[in-house]
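Line by line, the protein sequences give chains A and B. Residues in the first sequence are numbered from 1019 upward in steps of one, following my numbering. Residues in the second sequence are numbered from 40 upward in steps of one, following my numbering.
Heads up, some of the hints might be wrong.
[Unchecked claim] If you anchor each label on the Cβ, the simulated ranges turn out as follows:
| # | chain 1 | residue 1 | chain 2 | residue 2 | range |
| --- | --- | --- | --- | --- | --- |
| 1 | B | Ala152 | A | Asn1057 | 17 to 25 Å |
| 2 | A | Asn1057 | B | Val283 | 51 to 59 Å |
| 3 | B | Arg146 | A | Thr1036 | 43 to 51 Å |
| 4 | B | Thr533 | A | Asp1075 | 46 to 54 Å |
| 5 | B | Val283 | A | Gly1058 | 50 to 58 Å |
| 6 | B | Arg299 | A | Thr1036 | 44 to 52 Å |
| 7 | A | Asn1057 | B | Arg151 | 22 to 30 Å |
| 8 | A | Asp1166 | B | Leu291 | 52 to 60 Å |
| 9 | B | Gly332 | A | Asp1075 | 36 to 44 Å |
| 10 | A | Glu1184 | B | Leu291 | 13 to 21 Å |
Calculated directly from the structure, the hints in this document are not laboratory data. Here the structure is a predicted model, which is why all the values come from computation and not from measurement. The C-beta atom is built at its ideal place from N, Cα and C for all residues, glycine as well.
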Amino acid sequence: MTEAIDVEGLVKRFGAVTALDRLDLHVRTGEVHGFLGPNGAGKTTTIRILLGLMRHDGGTACLLGGDPWTAATALHRRLAYVPGDVTFWPSLTGGEIIDLLGRLRGGLDRRRRDDLIERFELDPRKKGRAYSKGNRQKVGLIAALASDVELLILDEPTSGLDPLMEEVFREVILQEKSRGDRTVLLSSHILSEVEALCDRLTIIRSGRAVETGTLDDLRHLTRTTIRAELAGPVNGLAAIAGVHDLTGDDGRVSFDVDAEALEPALKALVTAGVRSLVSQPPSLEELFLRHYAKDGGDRRPEHAASGSDR
Amino acid sequence: MTGVGTLLRLALRRDRVVLPLWVFCLGILPYVYLTGFQTLFATDQERIDYARISADNVGFVGLYGPLQGDSLGELTVWRGGFQPVLIGLAALLSVIRHTRTDEEAGRTELIRAAVVGRWAQLAAALLLTGLGGLLLGLLATATTVAAGEPVAGSIALGVVYTLDAWVFAAVGAAAAQITETARGARGIAIGVLGGAYVLRLGGDISAMGDGNLAWLSWLSPVGWAHRVFPYGANDHLPAVLSIVAAVAVTGLSAYLMTKRDLGGGLLAARLGPPTAAAGLRSPVALAWRLHRGLLLGWTLGFTALGLVFGGVAGSVAQIAEDSGGVDDIFTRMGGTDEIVDGYFGIVAALCGVIAACYAVQATLRMRDEEQNGHAEALLSTGVSRYAFAGSHLLFGLLGPAVVLLAEGLASGLVHGDVGPVLAATMVQLPAVWVPAGVALLLTGFLPRLTGLSWAVLGGALLLMLAGPLLRFDQWVMDLSPFTHVPQLPGADFTVLPLAVLTVVAAVLAGVGTTGLRRRDLPL
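Build out the structure end to end from the sequences listed, making use of the hints.
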């Protein structure tokens, strides 16, 4: 399997602050890869190193088979980037900015550009300074998506977009995905978006990758929430290794259980007699919160246990 | 007006370095001139001769304003004749920094959403700057009194400076209401200041000849500053005019503020083309779009300057014939033995320093592009950092060439002798490029300190205006690139210093570009 992005042990220091601490990131050609992490985890710094805007202090970074620092301009013709906090020249119109960026990347699909402008409902005659945050984001997205490139690097691309436009964005990315030859690195905080779009994802915290794999892989690593109403008292549940946060009274129990402990736990419940049972699979949000939590996350955050999706 | 006190404290906190700096530097300058004069003249007669000749010298009157008496105080005030322009500049920049700059950056929105009155921010900016102007005036008064000058004259001098700051603070406040960008507001306010200076210059020079246009000076706030004549007439009327203007323009700006939305200007944004022109496909084409307004403005300004400078040259020749000889103090002051040539030499050097401001401004545009995030979008395309830096440097180098050409041509055509006048202007170019090189060097290696480029320019201007009087050592004078430019048309043309200056500028720019290529971005 070829890799569009191959980052191994990446280190970046800003003075005394270590922004990236031996980060690994592997993005396969043709996949949509989610890049998640709390604010300040190092997502934007990683992207800037991949774009040759910043140097790294250690490790290796390889982008589309080239060195992002020395071969920056040649590589940039093969990718499109939308910065997270995107601002454009105030005196140029949106249409001019889209065309200019496309041309500087080495080509723009005219029909696709007009189609995207229509779908995103952008007025291309407005000047850069007149656009709201969401509209600036659209300008950057259209310029990137209409460019004929192998790799899209999107840093929180839907921040500022309304829900309708988020939906348009998802459709467009799914279309890209179906083409099969375009790779997308998608840094995002919108979990439903990542869940809907990404083949694989990498979660980083404090400049280090803490999880990487498909969503299913990652789900397997976490706990399922079980709530049950029982006919009689249950024995030995607390003794099973892998059962956590057990609470219960009046024949109701609630606990979290590791994947490998699921079977003995259920057996214990069946022995006691089950009247009703609710099993909640781990949501991405729980995954996320577990890794975002400062202590590295052995403990589930309270509200995650309720199992709601968003 | 709720919240003015809090906002004023915030402004003081943010300006704790900048404000004291300009207040001190500009406030102490009369004292520096005074002590310079005290040692310059061996006898009273020498001073009286110097004053008589200076008062009749068109170049000097053009630059520093009219001179009436010959006392030490009057000479000091006159020699500081560029002060009203510099104080006005500091004041208007200060007000715009605390109004439109914040508004453009979105900080004002946050502040106005708090318990803060509509006018509070404008009032705080004006109070801050007004306070700075007051301190500046007090410093000028206190130091000159301490140096033994008459109290009444020293107070008049302080009042002149303070009122000048207040008038141009109000001008800055009004300009900040007109455009959506701080850059545009600065352009308008500096344009008003430049216009006021040129009006004064035209009126004063006309007054030396036939006097038909002498009334022009009375239209100019800079002209009023000169017409108080501290230590001489100590006239009240111009000061009253300044107060009326400051109050009126402040009122105007408060009124304009009610006529617009937050974040908006009075000049509404228009729609533009939905697609880019075929030519907009390179970093240079983008730079042209970003720089063309600035280039046009500077070119128009320099053309106007050339028309005025060329126009008054006729009176210079007239006066030269009338007055006959030249005193040797003149030569000490940096002039040459031919009055008209000397006049054009001084004018060309002045234009050089002003054009260098443009050179630095245009070169630092690349730093602006970095800070506001545009460079990140551009450099993630197929544009190299060299192409990015080069596209802006092009305007930093050729832009000043265009504006100097415009000034030299306009001035020479009006004067009726294009060649020498144009040559005198254009030889400034290599010296103009040096500060641009410094700006690029800082951008490459010390991007957070690019503001020092302006300090370099300020130093060069200070050496040019005050250096000959204070008789600095030659090596100090040599620090300014403008010292090395041959003083055409009077002096001989020499290639060597121009070649050296060009090489220095090229090395600075080259090293700076390498630094920019090698560092993290944005930083």
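Which of the stated hints cannot be reconciled with the structure, identified by number in ascending sequence?
-> 3, 10
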